[in-house]
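Engineer: Residues per chain, in single letters:
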Amino acid sequence: MQVKWVYENVTGYDSFYSKLNITLLIASVCLWKKYHPKHITNLYVDNTTYDKLILLDILYLWDNVEILKYADRINRVILWAGCKPKVISQTKTPMLIVDHDFLIFKNIDEHLKDEVIYSYDEDMSQWYINSDDEYNKQLTNPIEFVQDKAANVSFLYLPDVNFAIEYGQQTVGRLTEFTALLGDNLNTGYLSACEQYELKEMLIKSKIKHKTLNQNIYSCNNLKFKEEKNNIGIWDLKESFLSYKHYGVDKRNIFDNKKGYKYVESISYLYRCIKASKLMSIEYLEDKFNKHIKNR
Amino acid sequence: MAITLDGTLSTLAGATTSSYIRIEYIKYMPYAGLVEYNPMLFKNETEADISRIRYFGDDLPTSMLPIPHTSMSFESGSFSSDFELNDIMVLPLSGALQNVSVDHYGIALQSASIEVTDFDDDGNEIVTQEIMKWQEFSVISQSIEERHPLDLSRSGSILSQCYEHLKNSIAEQIPSGSILEI
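Top line first, the protein sequences correspond to chains D and R. Under our numbering, think of the first position of the first sequence as 14, with each following residue one higher. Under our numbering, think of the first position of the second sequence as 3, with each following residue one higher.
Incorrect hints may appear among the rest.
In the DMTMM-like style, the derived pairs of lysine to aspartate or glutamate whose C-alpha atoms are separated by at most 25 Å in a straight line are [unchecked claim]: (1) D:Lys288 to R:Asp124; (2) D:Lys46 to R:Asp124; (3) D:Lys119 to R:Asp105; (4) D:Lys51 to R:Glu132; (5) D:Lys264 to R:Asp105; (6) D:Lys47 to R:Asp105; (7) D:Lys51 to D:Glu79; (8) D:Lys291 to R:Asp120; (9) D:Lys162 to R:Glu138; (10) D:Lys119 to R:Glu138; (11) D:Lys237 to R:Asp105.
Derived list of chain R stretches under chain D, where covered just means 3 residues or more per stretch with a C-beta under 8 Å from a C-beta of chain D [stated by the list, open to error]: (12) 110 to 117; (13) 124 to 131.
Treat the hints as calculated values from the structure; they're not laboratory data. The C-beta atom is built at its ideal place from N, Cα and C for all residues, glycine as well.
If we strip away everything but chain D, and leave its shape as in the complex, we get (with noise of 0.2 Å):
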């Protein structure tokens, strides 16, 4: 199975490497290889991520590493997840796709057959564009808000190669004409609808298979697991939490110490989770850390 990292610096500055995130996209790769030793893992960077990822020497984590090259006009500062669908779009076999911030604690190999999987159902927000938004109508293919759950892609599992490639140049597309049209007014809720709420909607119209880790639902509105439940989920939620962990919306409480998380113990977790994979040594990434990352 090939597994994929995407990780772009949007911004362009130096303060985009943050220790939490790097520490979590090293901990994401090594509890996958911890438990799936026999998936080909594949980390796509912008050339500055390359640059900072050899300081740190941890490139030898990913079996490959590929520089991102694009020319898609997608403003991908505010729809930072506009690369994704890129790479998603150009795979030629089935694929699984990894999000930095999503740590996994099993072996998944049994639910890899022809269905495809994503994390959990999520409940439409205010996180979303909807039906009545002015600019989806002006699109080519606008999307058309048949029905009112988005799809959680922070783990993505696509193993029809064609739908991988509809649904990856479908993203891309409306990306790059949602950043024509909004110039100035793009928002999130664009990159959210064209990236999850869209492949579920693509999912149930062409009516295609597909399964979900968590059986439950995600309130946006809330931050957390609703009781309302999906049948087609894997895992109950106590299995679920137990089974993987997806970051989300907790990373930035995390970083600002608000709500109760904690920063620095965060971080010893996340080493725990590294050395389990006995893949790094801590002592050696901290050194690297105090070297070459400036923001906490």
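Given the coordinates of chain D, work out where chain R should sit on it, guided by the hints.
Structural biologist: Coordinates of chain R only, in the frame set by chain D:
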């Protein structure tokens, strides 16, 4: 549905014995605790008819047929009085004051303990407890306060209740026998 006055109503547009008062719109406003409506006065039923467009695309009336509610007087037999009609009238939706338990809402930080996968110093999997936190819009306090309860379960049409309210308001100025509902 409309109200006509049995008598002579003197207005800025001249005197009329066939005055015609019609409620043009009603705003049902439970958040404000009231229904708001506006009565309009016409010299007669024909002018009231002309003033109302029936089909989209109809020509607009060439002049404003409603009569301004100023400087009016009413005569019927030996009765004579000034007559006033407000442009906007209000029908309260609320009842008498009563003690009620009031919920106060706010953003509350909630938490729950969950089991997560962790690792010991040797890299062995262990299960530990973690506190999961989230924010929720919820009731954060309650108090007993005096409030006017909203009556949202009115029986019968709101329009007919507005006409009833209008009739009662007019009856405070002229004999109720002179107020005819048509």
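Engineer: Hint by hint, note whether the structure agrees.
Structural biologist: How the hints compare with the structure:
1. Pair hint Lys288 of chain D plus Asp124 of chain R holds up; C-alpha atoms about 8 Å apart against a cutoff of 25 Å.
2. Under the criterion of a C-alpha separation no larger than 25 Å, the hint pairing Lys46 of chain D with Asp124 of chain R is consistent with the structure, at around 17 Å.
3. Restraint check: the Cα-Cα separation between Lys119 of chain D and Asp105 of chain R comes to about 45 Å, which exceeds 25 Å; the hinted pair is violated.
4. A distance of roughly 31 Å separates the Cα atoms of Lys51 of chain D and Glu132 of chain R; the hinted pair therefore is violated under the 25 Å criterion.
5. A distance of roughly 33 Å separates the Cα atoms of Lys264 of chain D and Asp105 of chain R; the hinted pair therefore is violated under the 25 Å criterion.
6. About 51 Å separates the Cα atoms of Lys47 of chain D and Asp105 of chain R, which puts this hinted pair outside 25 Å; it is violated.
7. Between Lys51 of chain D and Glu79 of chain D the alpha-carbon distance is near 20 Å, which keeps this suggested pair within the 25 Å criterion.
8. This hinted pair checks out: Lys291 of chain D and Asp120 of chain R have alpha carbons roughly 15 Å apart, not beyond 25 Å.
9. Between Lys162 of chain D and Glu138 of chain R, the direct Cα distance comes to roughly 20 Å. Compliance with the 25 Å bound is thereby established for this hinted pair.
10. The hinted pair formed by Lys119 of chain D and Glu138 of chain R fails the criterion: a straight-line CA distance of about 31 Å is larger than 25 Å.
11. Taking the CA atoms of Lys237 of chain D and Asp105 of chain R, the gap is near 24 Å; set against the 25 Å cutoff, the hint holds.
12. Check on the region 110 to 117 of chain R: 5 of its residues sit with their Cβ under 8 Å from a Cβ of chain D, so the three-residue criterion for coverage holds.
13. Requiring three or more residues with a Cβ within less than 8 Å of a Cβ of chain D, the coverage given for the region 124 to 131 of chain R holds, as 4 such residues are present.
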